[in-house]
Each structure stands twice: as C-alpha cells, then as structure tokens.
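Protein chains: 2
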Amino acid sequence: MARQTRERILDTSLAMFNAAGEPNVTTNHIADELGISPGNLYYHFRNKDDIVEQLFSRYETRIDDALLIPEDRLPNLEDIWLQLHLVFECMWAYRFLYRDLVDILARNRKLKLRFARIMTRASASAAALMRGLVRAGVMRASDSEILAVAENVLLVATFWLSFNAVRGVKTDVETLDLGRGIHQVMVLLAPFLREAEREHLNTLAGAYSA
Amino acid sequence: MARQTRERILDTSLAMFNAAGEPNVTTNHIADELGISPGNLYYHFRNKDDIVEQLFSRYETRIDDALLIPEDRLPNLEDIWLQLHLVFECMWAYRFLYRDLVDILARNRKLKLRFARIMTRASASAAALMRGLVRAGVMRASDSEILAVAENVLLVATFWLSFNAVRGVKTDVETLDLGRGIHQVMVLLAPFLREAEREHLNTLAGAYSA
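So the sequence lines, in the order shown, correspond to chains A and B.
Counting along the first sequence from 1, when you hit position 64 you're at 517 in our numbering, and nothing is skipped either side.
Counting along the second sequence from 1, when you hit position 89 you're at 542 in our numbering, and nothing is skipped either side.
Next up, chain A with everything else stripped away, as it sits in the complex (with noise of 0.2 angstroms):
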C-alpha cells in the first residue's frame, strides 16, 4: 500500500512535470492532484529534488536500454531506426528534464554527473553503430568523420525539444514531433550511406517532412 503511494506520487509527478515544467509544479500542487496530505507526500519524499531524482533513475534505466546495441551481428539501418525510436520515445517520456535541461542539471550536481556519464555513453553507442554499418559495408566515412556526427547525433536528439519550444513549435503532438526529430537526426548520417541505403532513407523521410 505505501509502495503504491509512492508510485502514484511518482507517475503524477511526471505528468504534472511535463504538462507544466517542473519549475512551475511544487510538492503541495502533487499532494492536491493526488487528493493526498502534503505529510502524506512527505513520508514518502523528503522534497521536490528527491521525487527529481527518483524519475531521473526511472529515466536512466530506460534510456540505457534504449542504447544497448547488438553485438552478436554486424548492425543494419533498420537498428539505428529502432534505437532512436526508443531514444526520442524516452525522451518524450520524460520531456521535462529535456525542456528545463541546463537548469535542472545546474542545480544538482549528483545528477549532472548521471546525465554527463549517459551522454559518454550514446556517443560510444552513436560510434560503434556506425562503425558497423561501415564494416557492413552501408555507410563510408572515417574515423573522425563518425566521431563529429556522433557529436552532432547527440547534440541534435538532446535539444530537439527545446529546439522545438524556441522555435515556437507546438510540442504536444508527439508523433509528428518525434517522427521530425528522428528524421533530423538521419540526414546527419545520410549523406555518408551508400547511394541505396541514402534513397531508401530520403523514401522514410519523406513521411515527416510535411
């Protein structure tokens, strides 16, 4: 029963995080909505920050399962399709971490060092994915090639959203949205694919430009 608690205060947490930003939600709007008594609340959290980072650890085990990439086979593009699918659903999960990132991470030094380590490690992931499809013949480029897009794979996918927000897009359709970003993120790699592979992807594409 106190388990349940705890995980409802959680799950309203973060609805009420991205529909409003965190900044604008206190622990007493979260007891209101729950119909609980902030005493209640506080039993189970000692404060805002601490209900930040119990999402921000539901977060990170996601998105390190989105990051995991095949290692017994040689990767295809339909791999780096899944994986971003898996990365901007989880991002849009927890959009807002994404929307107040620099704030958030300037304010809690614990999870700027969980946030810096998740970013090493999509590089690494960006990086090995492509490094594959180069063994695999589907993409050409070098070394330093790969390891700048990774660069620009990580920077794009991390601040579509605010990207978004600044740009005065709306960011409550998702699917649209996401499908856009994860198209963004492609025609960083497109220009390197072999001729098929480059028109295949132009095909996909082509969905979401409208």
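Treat the hints as calculated values from the structure; they're not laboratory data.
Among the hints, a few may not be true.
Stated by the list, open to error - Pairs of lysine-lysine, DSS-like flavour, derived with a Cα cap of 30 angstroms:
1) B:Lys501 x A:Lys501
2) B:Lys501 x B:Lys565
3) A:Lys563 x A:Lys501
4) A:Lys501 x B:Lys565
5) A:Lys501 x A:Lys565
6) A:Lys563 x B:Lys563
7) B:Lys563 x B:Lys501
8) B:Lys501 x A:Lys565
Assemble chain B onto chain A, guided by the hints.
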C-alpha cells in the same frame, strides 16, 4: 550623462548575466556593482525584464548584421566561415541568453516572437548560402537536403553552449569553445562539398579537434 549611466547599466548587466546566469542576478546586485542607488537604476529601467529586453535589442542588431549574405556575387566557403565566426562571437557576447534560452523566452512573449523571427531569418540565410555554393559548383545537394541541413545548422549553433554545459565542459575558454562549435556546424555541410573543399575543410577543422 544620463545616457552614459544608462549604457553603463546595460554593460554591467550583460557582464553579470554572462558570468552568473540571468536568473541569479537581481537589479539590486547590478546597482551594487555599479555603486549607484536602486532608485537611480529604476530611473533608467522599469525592471530587470526591461534591461533584458534592451540587451536583446543590441543582440538582435548584431545578429541581423552577422546574417547578411553577399548579394552581388556567388558565395564561397570563406563566406560561410566568416558568417559562422560572426554568429558564434555574437552568441558568445550574449551567452546569458543562450544559457537560459527556453526559460527566458517562455517568460517573455515579445522576446519569443522576436527570437522566432531571428531563427526564420537564420534558416533562410543558411539555405541561401548553401544554394549559392551549389550554383558555384562547390557543393552538391538537393533542395530538400539543403532545407534539412539548414535546420540542423540552426539547431547545432543555437544549442552549442547548452550542449557544452550539460556535458560538463567548461565554457569559459572562448576561442577553443567557439572554434569547436564552428567545426561541428561545418561537419554538417562537409559531406556535400566537392572533394577538394572537403579536404581543405578537414585540414582547417583539425586545428579545433585537439
């Protein structure tokens, strides 16, 4: 004399915002730093938002200049380097804006509209430069590729400083930092360049990747 005080307030505010982050600096801090009374500061500016808006106007003039492209001849690769240097130097001069971009724009609807206009102009400018390179025979890309690359150019440039911040990279070494940012933008164009220009670019870029 009044005009001089006004300019001094703006210069000092900019330096303090850049050093500490705009949300962490109050009008009292600014008056203190200048050795003037808060009353004197309020004679010149209604509130901190007023100061931010005036600094935004300075930034807007400078970035508009940086986005001008040669109209009387086809552009070359040096034009792109020059424009990127001007744009990144302007971003660095007003880095408080880029550090808390999503937040500052969410708080001020007028600035949000003005920033969206700058983004539209920057996107058009990037696309026009690339189309010029295609006409000059230096670049090979379809128009849909150019539009997608222009979008990524904007995203990488706009969030370069934020990206460094969340990766835990110190952002107070101006030249190295801006050079690496410019390099990451050039990486977006590189695969579409003619072989000679691509090699030239890789040589130039080598200086930054240390």
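Checked hints:
Of the pairs offered as hints, the one joining lysine 501 of chain B and lysine 501 of chain A holds, with about 28 angstroms between alpha carbons and a cut-off of 30 angstroms not exceeded. Note on lysine 501 of chain B and lysine 565 of chain B: the hinted pairing holds, with a Cα-Cα distance of about 17 angstroms set against a maximum of 30 angstroms. Proposed proximity of lysine 563 of chain A and lysine 501 of chain A is supported: the alpha carbons are some 15 angstroms apart, at most 30 angstroms. Under the criterion of a C-alpha separation no larger than 30 angstroms, the hint pairing lysine 501 of chain A with lysine 565 of chain B is consistent with the structure, at around 29 angstroms.
At roughly 17 angstroms between alpha-carbon atoms, lysine 501 of chain A and lysine 565 of chain A fall within 30 angstroms of each other, so this suggested pair holds. With a CA separation close to 35 angstroms, the supplied pair lysine 563 of chain A and lysine 563 of chain B exceeds the 30 angstroms bound. With a CA separation close to 15 angstroms, the supplied pair lysine 563 of chain B and lysine 501 of chain B stays within the 30 angstroms bound. Annotation: proposed proximity of lysine 501 of chain B to lysine 565 of chain A holds, straight-line Cα distance about 29 angstroms (limit 30 angstroms).
Taken one by one, the earlier hints fail for this structure only at number 6.
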